[in-house]
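Chemist: Okay, here's what each chain looks like letter by letter:
Protein chains: 2
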Amino acid sequence: MMVVVAYDVNTETTAGKRRLRNVAKTCMKYGQRVQNSVFECSVTPADYLTLINEVMKIMDQEKDSLRLYKLGTKYSEKIEYYGVQRHLPVDDVMMI
Amino acid sequence: MMVVVAYDVNTETTAGKRRLRNVAKTCMKYGQRVQNSVFECSVTPADYLTLINEVMKIMDQEKDSLRLYKLGTKYSEKIEYYGVQRHLPVDDVMMI
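Residue numbers (the working numbering), protein chains in the order written: chain B, 1 to 96; chain L, 1 to 96.
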């Protein structure tokens with residue numbers, strides 16, 4: 001199934017930048033980085049739990065926000081996009 | 001239906017900050033700001049088109065990225081969240 005992972009972190013700090021970079025590395029095992037802090041991941045139900053566990057180990061639960069949106073298996077019509085199509089590399093910590 | 005609006009913009013510039021603030025104002029007519037650049041909006045099919053049109057008027061299509069994820073009407077089980085639950089005010093342009 002397709003899962004959208006949105007990760008909100010303060011990247012004004014070095015630690016925040018590092019957490020976002022590590023979350024990106026984890027998510028990009030399963031999909032692509034479509035915005036600075038948004039990832040579209042194709043996962044099995046087992047992968048999904050692994051993905052959450054891995055991100056939870058990285059995140060600071062008192063500072064960061066993780067939201068997951070499950071689009072199911074027939075997702076192509078559920079996604080629309082406009083403007084720049086960025087496929088951001090994992091190390092890009094753009095200030096948005 | 002529930003629509004997740006993800007808006008990627010460079011807020012290092014004053015113009016970028018202004019566009020994000022204006023996108024937030026538009027989206028918050030229909031829902032809430034759950035992350036710095038992610039909004040969960042409850043819309044009718046007509047509202048959805050209006051929302052897109054309004055955001056398109058604000059966005060710089062050569063610089064910004066807009067992605068929309070349609071979760072349908074039965075969406076409560078499609079959303080999971082962890083960490084900080086921010087309900088960010090419209091004027092908050094946090095550097096993430």
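By construction, these hints were calculated from the structure, which means they are not laboratory data.
Quantities reported herein were computed from a predicted structural model and do not represent experimental measurements.
There could be a bad hint or two in this list.
[To be verified] Only some residues are given here: those of chain L computed to face chain B with a beta carbon under 7 Å:
(1) Ser42
(2) Thr44
(3) Met59
(4) Leu68
Ideal placement from N, C-alpha and C gives every residue a C-beta, glycine not left out.
Chemist: Indicate, hint by hint, whether the structure satisfies it.
Modeler: Evaluated hints:
1. Ser42: 14 Å, violated
2. Thr44: Violated - the Cβ of threonine 44(L) stays beyond 7 Å from chain B, reaching only about 16 Å at its closest.
3. Met59: Result: holds, 6 Å to nearest chain B Cβ.
4. Leu68: Holds, because the Cβ-Cβ distance from leucine 68(L) to chain B comes to roughly 4 Å (cut-off 7 Å).
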